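What follows is each chain in one-letter form.
2 protein chains.
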Amino acid sequence: MVNIAVLGYGTVGSGVVEVIQTNQEIVNKRAGDEVNIKYVLDLREFEGDPIQKILVHDYNVILNDEDVKVVVEVMGGVEPAHTFVKQALEAGKSVCTSNKEMVAKHGAELIQIAKDNNVNFLYEASVGGGIPIIRPLTSSLTCDDITEVSGILNGTTNYILTKMRDQGAAFEDVLKEAQEMGYAERNPEADVEGYDACRKIAILTSLVCGQQVDYEDVHTEGITKITQQDFEYAKALKGSIKLLGTYQRIEDKVYVMVAPFVVSEKHPLYHVNDVFNAVFVHGNMLDDAMFYGRGAGKLPTASAVVSDIVDEVKHMGRNIMQIWEPGKLELGNFDDWKHKFLVRIQSEDIDDVNMDDVKNAFGDVLYVKAPGIANETAFVTAPMAEGAFKEAIQNFEGVISTVRVGF
Amino acid sequence: MVNIAVLGYGTVGSGVVEVIQTNQEIVNKRAGDEVNIKYVLDLREFEGDPIQKILVHDYNVILNDEDVKVVVEVMGGVEPAHTFVKQALEAGKSVCTSNKEMVAKHGAELIQIAKDNNVNFLYEASVGGGIPIIRPLTSSLTCDDITEVSGILNGTTNYILTKMRDQGAAFEDVLKEAQEMGYAERNPEADVEGYDACRKIAILTSLVCGQQVDYEDVHTEGITKITQQDFEYAKALKGSIKLLGTYQRIEDKVYVMVAPFVVSEKHPLYHVNDVFNAVFVHGNMLDDAMFYGRGAGKLPTASAVVSDIVDEVKHMGRNIMQIWEPGKLELGNFDDWKHKFLVRIQSEDIDDVNMDDVKNAFGDVLYVKAPGIANETAFVTAPMAEGAFKEAIQNFEGVISTVRVGF
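Residue numbers (the numbering used here), protein chains in the order written: chain E, 2 to 408; chain C, 2 to 408.
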């Protein structure tokens, strides 16, 4: 029997308990041992819930119990989670977590401490919820030079963007609906400003490159400025707008960003709708691959956490190799990264547009028409460096909006 | 340094050599050791190819060389591959393979022999080419009760069906084109009759259920009878036709089959086109997930093989747990499995159809119209047991074709 402790009895924590209880036989068989939840840590009381019997309020009870071999951190937030995890690893306990903030910030350090103590630190649920993506990256795609990882990494924003497209609704209205349905937080900033996706693409890039990518260094734009008109142009371009976290290596420079992109209907990410997430990967041998599933939700996320518990029980006393060094990875200069841009400018008619001015500012562009939109003209630029584009836009009069056209 | 030997210098074998040579640094880093190809076994000579220097014609050279720790079987066919693999495992060498026939037939036995000898037998490339699917099933989705696995498991047939839909072309014409482009074999039977997909779904089902599924027991239908008219009706139903291998567990009975299905545009498998493959998985905690990528081709397949080599080097002297017992899994009675069917019957006009006869034979049906098709009537049945449907069809006059409507 292997005893585990669950830190935090919130959505994911109660999900972990439910997954283990519902599928106890499968879990034990796959782990090769009986998995027993000895403690649940939470500051609250849960009167009437059978969990009360194993509830503790003091982390030291868990830390000092040598029988606890696996600690499951599903509290969220950087502290005290980070301190608890560090202490557990140093005490010779394996840890798994769904905490993307802590993993993005301290992943390299915690992997090293786990290695030094011959235990494991796993975090499958920190990116893509139930989708197996961390383990495939570290254990399956091990002979490929991975030059791109692009993902729909946030279910809330994908739900909002899907509804905006399908219903022609405005951002604020769909956000409100999403909040009512429980798909968006009352304070939606972390989702709609791209901060959540930013931490996730930082984790994926760190793993693929084997070195720490600080999420503070990742250029991040949200979806709050996207309008129905932008979607009309995306449709005219046979695409849709998706919030992507994307890592690309171009001529040995690593670029990472989070931003809305016009994604073509020919790209597999185009078809990932509603709250679903997906991670697209390109390797020099593998070519294209994609991993699709539920990026959030109590049970899918808990399923990923419990798969880590199973792996840690299977690997008792043996560290699973992971390459994520603490040395900070130097990113390429964001201003040099080239993209195509959809640009909308004010104009009563396309004849009012001075095409020479457009050409001088943006090079050879492709004009796009969208049905039912008046008093503006839109075009897609050739690939332009981010810095040069930003400058061109600042000096150009009457720009309504811009969206990258990328996939 | 870990020495390996590659059995067979055909498409996949030369791909394995190319992947290791191109990405040698990545492979060594991820394996934690230098991976060195000591021998390539092939009956042929390759004058002028640098491989000639390490080419051997006698398998015993490899078998008796204690320095060879990993044997890579990419010859194909059941024999002599099976004998070679068995001998290698018994000699304490790990083996990886892309050979779906051998894995489907002897997987359980070889996994047991590997376990007995404390080495590994891995076969990621045997299903889904470059797509990581075997390792996710055995190492990631370990706490879920997986009640469905449905896959587009054959690139040739998916290419043919995609072209038939997009170009309105006939099966024979697209097959000929696919043969000219090298996407289909000169003898296309294994692909178009579903035999290839059958072996793959048998492997996936064995893995998910943990017990041997004999591919001879899997009901298998190919795509040779699918016509442009069938596609018109699929379109009218807002779907397309895909050849699927599918495992489902319904009320504790396991059902497996390979057949063309009308797949709805709402299902993620609908968007998997051309030579791409994908495996859709449903778990009771995970909900829906899908793994997408290149199901064939020299380098994607070789990438999966080399990921197994890396895993085996990482696990020298330690058997990776796999649950696939030799005891044969009892399948549910195919005749009891319920599906909806698209049925096309001869009739000058829908008024000629005796709807009472239809109702008596097929229950409450949904009539479907497809533009430009005359002299026939089509409908979709309610879910009917396979046996009852077969009998109804045999007793009904003027049936043109039937296709299951399933996803």
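Hints may be right or wrong, so weigh each one.
DMTMM-like cross-link-like pairs, simulated, lysine to aspartate or glutamate; straight-line CA separation at most 25 Å [said to hold, decoys possible]: (1) E/Lys391 <-> E/Glu186; (2) C/Lys30 <-> E/Glu252; (3) C/Lys116 <-> E/Asp34; (4) E/Lys341 <-> E/Asp289.
Okay, the calculated bits of chain E under chain C, using three or more residues with CB under 8 Å as the criterion [unchecked claim]: (5) 84-95; (6) 111-121; (7) 194-206.
Listing some non-contacts, in silico: residues in chain C with all C-beta distances to chain E over 10 Å [what the hints assert, rightly or not]: (8) Thr23; (9) Pro51; (10) Gln53; (11) Asp146; (12) Asp174; (13) Arg187; (14) Glu190; (15) Tyr196; (16) Pro301; (17) Val307; (18) Phe363; (19) Gln395.
In short, the hints are calculated from the structure, not lab data. From a predicted model like this one, the values you see are computed outputs, not experimental measurements. Where a beta carbon is used, it is the ideal one built from N, C-alpha and C, also for glycine.
Q: Check, residue by residue, whether the stretch 84-95 of chain E contains three or more positions whose beta-carbon lies closer than 8 Å to a beta-carbon of chain C, and give the verdict.
A: Per the Cβ count (0), the hint is violated.
Q.
Confirm or reject: C/Asp146 is not an interface residue toward chain E, with every Cβ-Cβ distance exceeding 10 Å.
A. violated (6 Å)
Q | Least C-beta distance between C/Glu190 and chain E, which was stated to exceed 10 Å | A | holds (27 Å)
**Q.** Restraint check for E/Lys391 with E/Glu186, where alpha carbons must lie at most 25 Å apart
**A.** Since the Cα atoms of E/Lys391 and E/Glu186 sit roughly 32 Å apart, the hinted pair is violated (cutoff 25 Å).
Q. Is it true that the CA of C/Lys116 sits at most 25 Å from the CA of E/Asp34?
A. holds (18 Å)
**Q.** Check on C/Arg187 being off the interface with chain E, judged by Cβ distance over 10 Å
**A.** holds (25 Å)
Q | C/Pro301 and chain E, when compared Cβ to Cβ, separated by more than 10 Å | A | Violated: least Cβ distance 5 Å, not greater than 10 Å.
Q) Is C/Lys30 within 25 Å of E/Glu252, Cα to Cα? A) Holds, at about 21 Å.
**Q.** chain E versus C/Gln53 - minimum CB to CB distance exceeding 10 Å, so not interface
**A.** Holds: least Cβ distance 24 Å, greater than 10 Å.
Q | C/Asp174 non-interfacial with respect to chain E [C-beta, more than 10 Å] | A | holds (24 Å)
Q.
According to the definition I'm using, a residue is off the interface if its beta carbon is farther than 10 Å from all beta carbons of the partner; does C/Phe363 meet that for chain E?
A. It holds; C/Phe363 is separated from chain E by about 33 Å at its closest Cβ, greater than 10 Å.
Q: May I ask you to check that C/Tyr196 keeps its beta-carbon over 10 Å from the closest beta-carbon of chain E?
A: The claim stands: C/Tyr196 keeps its Cβ more than 10 Å from every Cβ of chain E (closest is about 25 Å).
The structure shown violates the earlier hints numbered 1, 5, 6, 7, 8, 11, 16, 17.
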